[in-house]
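Given the structure of chain A, go ahead and fit chain B onto it with the hints provided.
Protein chains: 2
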Amino acid sequence: MFKRTSGILKDLGITRPTLVILEVRARANIRRLAHRAAACGVTLRPHFKTHQSEVVAGWFADAGIDRITVSSVGMADRFAAAGWMDITIAFLVNPLEMPRIKALAAGLTAGGGRLGVTIDSVAAAAALASAGAGGVDVWLKIDTGYGRTGIAWDDQALLREVAAAGAGPVRGLLTHSGHSYHVLGRPALREIWDRTAARMRAARDALALDGLLLSVGDTPTCSVVDDYSGVDEIRPGNFVFYDLMQLRIGSCGANDLAAAVACPVVGLYPRRNQAVIHGGAVHLSRESLREDDGLIFGRIGLLGPEPILEGARVTSLSQEHGIVTFADGRFPAPGELGIGDLLLVWPVHSCLAADLLVNRPDPSVAVIR
Amino acid sequence: MFKRTSGILKDLGITRPTLVILEVRARANIRRLAHRAAACGVTLRPHFKTHQSEVVAGWFADAGIDRITVSSVGMADRFAAAGWMDITIAFLVNPLEMPRIKALAAGLTAGGGRLGVTIDSVAAAAALASAGAGGVDVWLKIDTGYGRTGIAWDDQALLREVAAAGAGPVRGLLTHSGHSYHVLGRPALREIWDRTAARMRAARDALALDGLLLSVGDTPTCSVVDDYSGVDEIRPGNFVFYDLMQLRIGSCGANDLAAAVACPVVGLYPRRNQAVIHGGAVHLSRESLREDDGLIFGRIGLLGPEPILEGARVTSLSQEHGIVTFADGRFPAPGELGIGDLLLVWPVHSCLAADLLVNRPDPSVAVIR
Numbered sequence: 565m566f567k568r569t570s571g572i573l574k575d576l577g578i579t580r581p582t583l584v585i586l587e588v589r590a591r592a593n594i595r596r597l598a599h600r601a602a603a604c605g606v607t608l609r610p611h612f613k614t615h616q617s618e619v620v621a622g623w624f625a626d627a628g629i630d631r632i633t634v635s636s637v638g639m640a641d642r643f644a645a646a647g648w649m650d651i652t653i654a655f656l657v658n659p660l661e662m663p664r665i666k667a668l669a670a671g672l673t674a675g676g677g678r679l680g681v682t683i684d685s686v687a688a689a690a691a692l693a694s695a696g697a698g699g700v701d702v703w704l705k706i707d708t709g710y711g712r713t714g715i716a717w718d719d720q721a722l723l724r725e726v727a728a729a730g731a732g733p734v735r736g737l738l739t740h741s742g743h744s745y746h747v748l749g750r751p752a753l754r755e756i757w758d759r760t761a762a763r764m765r766a767a768r769d770a771l772a773l774d775g776l777l778l779s780v781g782d783t784p785t786c787s788v789v790d791d792y793s794g795v796d797e798i799r800p801g802n803f804v805f806y807d808l809m810q811l812r813i814g815s816c817g818a819n820d821l822a823a824a825v826a827c828p829v830v831g832l833y834p835r836r837n838q839a840v841i842h843g844g845a846v847h848l849s850r851e852s853l854r855e856d857d858g859l860i861f862g863r864i865g866l867l868g869p870e871p872i873l874e875g876a877r878v879t880s881l882s883q884e885h886g887i888v889t890f891a892d893g894r895f896p897a898p899g900e901l902g903i904g905d906l907l908l909v910w911p912v913h914s915c916l917a918a919d920l921l922v923n924r925p926d927p928s929v930a931v932i933r
Numbered sequence: 565m566f567k568r569t570s571g572i573l574k575d576l577g578i579t580r581p582t583l584v585i586l587e588v589r590a591r592a593n594i595r596r597l598a599h600r601a602a603a604c605g606v607t608l609r610p611h612f613k614t615h616q617s618e619v620v621a622g623w624f625a626d627a628g629i630d631r632i633t634v635s636s637v638g639m640a641d642r643f644a645a646a647g648w649m650d651i652t653i654a655f656l657v658n659p660l661e662m663p664r665i666k667a668l669a670a671g672l673t674a675g676g677g678r679l680g681v682t683i684d685s686v687a688a689a690a691a692l693a694s695a696g697a698g699g700v701d702v703w704l705k706i707d708t709g710y711g712r713t714g715i716a717w718d719d720q721a722l723l724r725e726v727a728a729a730g731a732g733p734v735r736g737l738l739t740h741s742g743h744s745y746h747v748l749g750r751p752a753l754r755e756i757w758d759r760t761a762a763r764m765r766a767a768r769d770a771l772a773l774d775g776l777l778l779s780v781g782d783t784p785t786c787s788v789v790d791d792y793s794g795v796d797e798i799r800p801g802n803f804v805f806y807d808l809m810q811l812r813i814g815s816c817g818a819n820d821l822a823a824a825v826a827c828p829v830v831g832l833y834p835r836r837n838q839a840v841i842h843g844g845a846v847h848l849s850r851e852s853l854r855e856d857d858g859l860i861f862g863r864i865g866l867l868g869p870e871p872i873l874e875g876a877r878v879t880s881l882s883q884e885h886g887i888v889t890f891a892d893g894r895f896p897a898p899g900e901l902g903i904g905d906l907l908l909v910w911p912v913h914s915c916l917a918a919d920l921l922v923n924r925p926d927p928s929v930a931v932i933r
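Keeping their order, the protein sequence lines are chains A and B.
Quick note: the first sequence uses this note's numbering, first residue 565, plus one each step.
Quick note: the second sequence uses this note's numbering, first residue 565, plus one each step.
The following block holds chain A by itself, in its conformation from the complex (with noise of 0.2 Å):
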């Protein structure tokens, strides 16, 4: 089983670790969603920072996709190169980068597109006025729950403060409900939904200023709800690829995983029952996940009916160094994994492992059809 995945990457032309994308079950995550939201009448923008690839970004174009979400003012920079023409800047203005902004918007804005940013607060919004970046789509970050960024959606008055403070027109309220990656199934997902849904309409209407869109966005309520009704627009992006916290998180089976990550077999340790690969920290990232006997950082997958292999997980990350414990008695037998071999690992965070081996002088990707 070893030997027939490493030698469909082998005739991939692989030999270093590579971000390996299983194209049919990309493009099947894609229109599942793209589907689903136009069904409902809502807007599909994924965001990109998943993948951050023209290939993949193609499918969702095939997939009728043309407004997409990104997390930084580069990414915006490379896919409008690309042709995109309506992005959304998913992460606050840094007012460090207003002269950057302001050139992308004008660009976008000249061709007939428009470019989104947002904030969520007064010093961000006069960033914005004194710049005089027109044309921009100003949204307001809410918080629901999660924590991070944002107005907390029950805050009338600061939500009230920042809207009218002079960054033009609100087009919209935008939230992220990262919550959702601490709760487990599909019941509690829902809930995260609902209650996001329910508490940016409750922002809106306090609001009370005409035509205001709603954002939500995170692959795992957008994976499990089926009726998207209520708000205007859905943002997931780690949906095109998932991953093993997806899998825990069951917003996801194991034969919608779409990225893995290749790495060659260095050494062979019987005696410990483990493997040594080259596919470490600057491949896989350090996320981890708990398990009941120590943290894991990825899992082996295998080409066919059974993706994930039982008995060996990815114990230990290096800067290049990977370590795969194998269960008792589920070492390879001799001739069944060689030194010079692929193996195939399922990353616990597709999106930084994607970041990892696409982002880079010299991009590490392949994809099987």
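If you're looking for bench data, these hints aren't it; they were derived computationally from the structure.
Every residue gets a Cβ at the ideal spot worked out from N, C-alpha and C, and that includes glycine.
Hints may be right or wrong, so weigh each one.
Once the Cα atoms are required to be at most 25 Å apart in a straight line, the calculated DMTMM-like pairs of lysine to aspartate or glutamate come out as [claimed, not checked]:
#: 1; chain 1: A; residue 1: K666; chain 2: B; residue 2: D575
#: 2; chain 1: A; residue 1: K666; chain 2: B; residue 2: D641
#: 3; chain 1: B; residue 1: K574; chain 2: A; residue 2: E874
#: 4; chain 1: A; residue 1: K574; chain 2: A; residue 2: E874
#: 5; chain 1: A; residue 1: K666; chain 2: A; residue 2: E725
#: 6; chain 1: B; residue 1: K666; chain 2: A; residue 2: D926
#: 7; chain 1: B; residue 1: K666; chain 2: A; residue 2: D575
#: 8; chain 1: A; residue 1: K574; chain 2: B; residue 2: D641
#: 9; chain 1: A; residue 1: K666; chain 2: A; residue 2: D641
#: 10; chain 1: B; residue 1: K567; chain 2: B; residue 2: E900
Going by beta-carbon spacing under 7 Å, a handful of chain A positions derived as facing chain B [said to hold, decoys possible]:
#: 11; residue: P828
#: 12; residue: G831
#: 13; residue: E851
#: 14; residue: C915
For chain B alone, kept in the frame of chain A given last:
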């Protein structure tokens, strides 16, 4: 105090998350180990994975260093292209990369340089032999207690078998005592050094080959041992920058920290004693340290006599966001810290932060002289 540090960083033109290298400190860190190694007649072959920077490489050259260590073939290619002629790849040979290794060795040896590679298996020796990678220096990787890769130091049968497996003459034995990262304090580190050196000598004696060199290296032990004699070469890397992990271990002081990440402040939340910065897992890495009340991902740095601000810690990271939590009563007073100011964050693991910010299509690095 925030405004002074922020002002210095802004004067460098920083507008986004940026690796800030303190040149005076980094050069002092380099000189300290270079002098100590020279005094003992031991070669310092620093590990360049920590900085991956040609600028920092130049500071090593200024200190008389002309032999280096890297952790991948790609990194070896880059530094060879920059003129470094004596390179050891301290990562096990990956047979899939033999064509690149051969080409690199041919280039270096044609110019009078040398390329070292490491193996710990008959399979890797056979791959080298069958590729006809002549002129490569073969180092046997030894496990002196870390338990990641290498032939167990006392496994004389395997040592002899790999040495005789046809990869060519063995230049020496090489180990990395990474378990030095799991202890605290100088006495424990010195004990690891002594045990490592003794085990390496025992392995060499058992092999009984002529002229074998001994290469050891990890920043914690090399930072606290005064006399390196008994081995031929040391290969620490992190010492050029150090970081919070080294500070915890006890291998450096706060005034030795030489690399931080400048992060724009994008949100201020006085009610929960938190600020949000543009500085996340893709800038600082998810490497963490456990403190009494949870994990931390960084501390706040100040440019001045007190390099670490007490009562402020990076307590949460997502892809692009970091949350800085201030202790009760330590939240900056109005006017002390604003949106659009820059905070300096000492990373937990400087090698990973540097990799994330240097090894990018759009590197983001600044040097303070």
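Structure versus earlier hints - violations, ascending order:
The structure breaks hints 2 and 3; every other hint is satisfied.
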